[in-house]
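Chemist: In order, the protein sequence lines correspond to chains A and B.
Using the working numbering, you'd call the opening residue of the first sequence number 222 and step up by one each time.
Using the working numbering, you'd call the opening residue of the second sequence number 238 and step up by one each time.
I should point out that these hints are in silico values taken from the structure, not numbers from a laboratory.
Treat the hints with caution; some may be incorrect.
To be verified - Pulled from the structure, derived: some chain B residues nowhere near chain A, Cβ distances all over 12 Å:
| id | residue |
| --- | --- |
| 1 | TYR248 |
| 2 | GLN314 |
| 3 | GLY386 |
| 4 | LYS537 |
| 5 | LYS686 |
Said to hold, decoys possible - Taking lysine-lysine and the DSS-like style, the derived pairs with C-alpha atoms no more than 25 Å apart in a straight line are:
| id | chain 1 | residue 1 | chain 2 | residue 2 |
| --- | --- | --- | --- | --- |
| 6 | B | LYS627 | B | LYS682 |
| 7 | B | LYS277 | A | LYS334 |
| 8 | A | LYS334 | A | LYS226 |
| 9 | A | LYS333 | B | LYS682 |
| 10 | A | LYS230 | A | LYS334 |
| 11 | A | LYS365 | B | LYS665 |
Unchecked claim - The following residues of chain A were derived to be distant from chain B, with all beta-carbon distances above 10 Å:
| id | residue |
| --- | --- |
| 12 | LYS226 |
| 13 | ASN235 |
| 14 | PRO236 |
| 15 | THR237 |
| 16 | ALA265 |
| 17 | LYS294 |
| 18 | GLN304 |
| 19 | GLN322 |
| 20 | GLU329 |
| 21 | LYS336 |
| 22 | ARG354 |
| 23 | LEU410 |
Idealized CB from N, CA, C, for every residue including glycine.
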Amino acid sequence: MDKMKLSEKDLFENPTPRVPVCLVLDTSYSMSGPPINNLNQGIAKFYEAIKADDYARYSVEIAIVTFGGTAQKILDFESIDHQQQPMLTVAGGTPMGQALQMATALLEDRIKKYKDVGVDYHQPWLVLMTDGRPTDDVESVIPKIYQMDVDKQLMVFPIGIGAGADMKTLARLSSVRQPLRLKGLKFELFFEWLGNSISNVSSSMPGEKIPLGDEETLKGWIYQ
Amino acid sequence: MSDQTLIKNYYTFIDTSSLMHPGAEEAFLKDKVDFLKQNKVLIPLKVKEEILRLIEKDDTKRTQWAKKALHIFNALQASRRIKVGEYKDAQETFVDNILISLFTENRLKYNLCLITQDKQLATEILQLSKSKAVKRQKNIVVLQVQKDGSLRDFATLPVKKKPGEKVPVPKIPKKSAEKKDPFKKARLPVSHKDVQRTTVRLVPKEGSSVYLATRENPIQLTKQISKGGEGCIYETNYSKYICKIFHDKSRTNMKEDKLKLMTSRLNKRGICWPTSLVYNTHAEFVGFAMEIRARGVELKQLFIKPVFQSLFPEWKRLDLVDISIKILHKIRILHEQNVLVGDINPRNILITKARETFFVDTDSYQVEGYPCTVGLANYTAPEIQNKDFKSFLRTVKHENFAIATLLFMILVPGKTPYSHQGGESLAKNIKKRHFPYPLGEISGKNVPKGPWRFIWSNLSYKMKEAFFNVFTKGERIGVLEWIDLLKKYRVYLRHNPVSNEIYHYRYKEVKYQDGQPIVNSKKK
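Build out the structure end to end from the sequences listed, making use of the hints.
Modeler: In structure tokens:
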């Protein structure tokens with residue numbers, strides 16, 4: 222069976238309510254060296270955490286958009302069992318605006334797909350991670366994302382990496398969640414926390430209030 | 238003994254309880270009648286683990302017998318007279334469960350014999366041989382070790398009467414609690430205004446001593462089994478009791494009052510009910526004890542096809558119906574006591590391969606004026622969506638909506654009833670009350686893509702009608718009526734082996750021949 226059909230079969234046959242998670246990741250040149258390596262390890266941890274939990278494994282779907290030089294769709298939504306984790310590399314500037322546009326389009330497509338098929342779903346997640354400031358126009362997309370967050374159509378997690386991250390821009394993305402700044406390069410702890418939080422979502426039914434991951438782990442990776 | 242000579246060429250399993258019996262040495266090591274030679278004798282490895290656990294526990298008499306049992310086990314193993322098997326369920330800790338699933342799986346292929354002293358287990362195993370669902374069975378025999386080392390057939394034990402002699406009625410010690418009246422019916426919830434967290438000087442943990450309301454001497458928390466949002470569950474040095482100790486944030490005066498009420502009655506097999514409050518060494522309330530230990534996996538695992546198929550590969554629709562009926566019987570018992578589950582939740586019901594069911598987290602149930610303060614959106618009736626569960630008492634009608642949803646999700650595995658094409662969030666779907674599936678002449682609308690329409694099609698008409706009435710017309714069907722419907726569905730499935738499959742990829746076809754409907758499936 223080809224990949225397209227396999228993915229479609231999964232969408233039809235798995236009744237578990239889905240949680241689409243779009244990771245929007247800064248891969249501009251400033252991320253070269255340890256940061257990009259740690260980011261890759263962090264993503265591996267994320268996959269690991271989700272696969273370890275039966276409910277999350279059949280519920281979470283991941284897409285990855287990177288912005289380094291250009292915005293790129295690295296991975297489209299699919300059951301994580303059919304996905305292979307990409308190794309991210311760095312290049313160029315920080316076109317965050319383009320990447321966010323791309324991410325919202327991917328999420329909208331996916332939700333439309335769920336509706337067409339008749340699959341239940343939870344509020345989608347958008348996780349944005351950057352170590353710098355955008356080098357393109359973000360004005361057209363930020364208000365849209367902010368509004369989706371207000372309307373509870375999207376959960377936005379803005380995360381800054383290092384001292385150079387533009388926390389002011391990140392702060393404009395969500396009405397509920399303050400941007401958090403990653404302590405050093407604690408990507409693994411962040412993704413572990415994210416994995417636990419998403420497990421809580423996937424084991425709940427849509428419409429429930431979700432407790433986010435363990436506060437203790439949270440303290441381990443953010444500056445307060 | 239005639240029993241011993243009769244039993245040849247059986248696969249024979251020995252349970253822990255029989256190895257620990259005073260007559261065990263005589264029965265298994267001195268084999269007067271070559272019993273062990275005439276049969277293939279197997280012992281699950283877990284039996285040894287269970288014996289070792291008992292030895293470790295060091296609680297007086299049983300330890301001695303456990304040591305003897307270990308000696309017998311080792312001697313048998315050394316003489317190669319028995320085969321020690323690991324058997325599938327590496328994670329299953331209970332020998333009972335392993336035996337029941339072994340018997341369930343192999344009862345069609347081999348003659349099976351179990352040697353045990355455990356009456357409950359014996360009854361369950363013997364029940365398997367009576368199962369009508371299975372047409373051609375081999376024999377199942379359960380034997381009990383006697384003091385003199387002989388073996389007696391369990392099935393004949395109580396009927397040991399001579400003409401004119403009275404049949405001895407086995408005395409089952411009745412708990413006085415069960416004779417009491419049911420809980421009162423309350424109309425208004427107790428006020429949450431005065432709820433206060435209670436502070437204690439010491440939160441017991443592994444190794445701590447705690448006191449039960451019903452015992453003078455302390456018991457010890459030996460091992461933490463699980464940690465949840467509200468508290469931790471511990472094993473104790475008395476295998477009878479397990480204890481839940483609350484976290485600081487979840488311990489309130491209201492909890493204490495509610496639990497006091499709850500422990501005053503009701504304690505049924507499979508419903509893990511609080512039986513005593515638990516106090517720390519300062520006599521402060523810290524949690525509660527239960528006497529029934531749940532086992533199995535969360536019912537919710539049935540809702541994920543690949544997980545379900547790896548856990549219960551041999552299950553058919555009849556097994557799902559069986560599980561459903563067992564769940565309903567437990568809910569019926571609760572309802573008779575005026576208790577509502579409230580938060581019907583597939584994670585709070587555990588099931589085993591042997592199709593046992595266990596209700597856990599029962600301390601959240603609605604009892605008298607104490608509401609169940611939690612609930613999942615898709616099991617919540619439309620009329621109480623988004624209401625604060627603390628502020629009112631649920632009714633049987635609300636519960637019946639949850640029951641219908643649960644049954645739908647068991648029989649159409651994992652699919653929520655209101656999930657449909659063009660749907661929205663689940664809570665919105667419930668309010669909209671769009672049930673997409675067809676019934677007879679009434680066609681469906683926006684049925685989800687995938688196998689769901691075929692699974693629905695293969696249900697019996699009566700089952701479809703019941704679900705249809707609940708989810709489109711807002712009718713509520715009570716527990717007893719559901720039990721009746723499911724029993725009829727069971728008969729239907731026995732006559733329609735194709736429909737007995739769990740997942741379907743074809744519509745059901747109904748043909749008539751000589752005025753009789755013949756049912757089978759055809760390609761779409």
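Chemist: For each hint, tell me whether it holds in the structure or not.
Modeler: Here is how each hint holds up against the structure:
1. Once the 12 Å rule is applied to beta carbons, B/TYR248 is consistent with being away from chain A; the minimum gap is 33 Å.
2. For B/GLN314, the requirement that its beta carbon stay farther than 12 Å from each beta carbon of chain A is met, with the minimum near 36 Å.
3. Its beta-carbon lying about 47 Å from the closest one in chain A, B/GLY386 satisfies the requirement of being farther than 12 Å from that chain.
4. Distance to chain A contradicts B/LYS537 as a non-interface residue, since its nearest Cβ pair spans about 7 Å, not more than 12 Å.
5. With a least CB separation of 5 Å from chain A, B/LYS686 falls inside the 12 Å interface cut-off, contrary to its annotation.
6. A hinted pair counts as satisfied when its Cα atoms are at most 25 Å apart, and B/LYS627 with B/LYS682 does not qualify at roughly 37 Å.
7. This hinted pair does not check out: B/LYS277 and A/LYS334 have alpha carbons roughly 57 Å apart, beyond 25 Å.
8. At roughly 14 Å between alpha-carbon atoms, A/LYS334 and A/LYS226 fall within 25 Å of each other, so this suggested pair holds.
9. Under the criterion of a C-alpha separation no larger than 25 Å, the hint pairing A/LYS333 with B/LYS682 is consistent with the structure, at around 18 Å.
10. Note on A/LYS230 and A/LYS334: the hinted pairing holds, with a Cα-Cα distance of about 13 Å set against a maximum of 25 Å.
11. Of the supplied pair hints, the one linking A/LYS365 and B/LYS665 holds, its CA atoms being roughly 23 Å apart against a limit of 25 Å.
12. Chain B leaves A/LYS226 outside its interface by the beta-carbon criterion, the shortest separation being 13 Å against a cut-off of 10 Å.
13. Its beta-carbon lying about 7 Å from the closest one in chain B, A/ASN235 breaks the requirement of being farther than 10 Å from that chain.
14. The Cβ of A/PRO236 does not lie farther than 10 Å from every Cβ of chain B; its closest approach is about 4 Å, which violates its non-interface assignment.
15. With a closest Cβ-Cβ approach of about 6 Å to chain B, A/THR237 is found to fall inside the 10 Å limit, against its non-interface label.
16. Listed as a non-interface residue, A/ALA265 keeps its Cβ farther than 10 Å from every Cβ of chain B; the least gap is roughly 23 Å.
17. Separation of A/LYS294 from chain B is adequate, the least Cβ-Cβ distance of about 25 Å exceeding the 10 Å criterion.
18. With a least CB separation of 16 Å from chain B, A/GLN304 remains clear of the 10 Å interface cut-off, as annotated.
19. Taking the minimum C-beta to C-beta distance to chain B, about 24 Å, the non-interface status of A/GLN322 holds against the 10 Å cut.
20. Chain B leaves A/GLU329 outside its interface by the beta-carbon criterion, the shortest separation being 14 Å against a cut-off of 10 Å.
21. A cut-off of 10 Å between C-beta atoms contradicts the statement that A/LYS336 is not in contact with chain B; the least separation is 6 Å.
22. Its beta-carbon lying about 35 Å from the closest one in chain B, A/ARG354 satisfies the requirement of being farther than 10 Å from that chain.
23. The Cβ of A/LEU410 lies farther than 10 Å from every Cβ of chain B, with a closest approach of about 20 Å, so its non-interface assignment holds.
Hint check: violations occur at hints 4, 5, 6, 7, 13, 14, 15 and 21; the rest are consistent with the structure.
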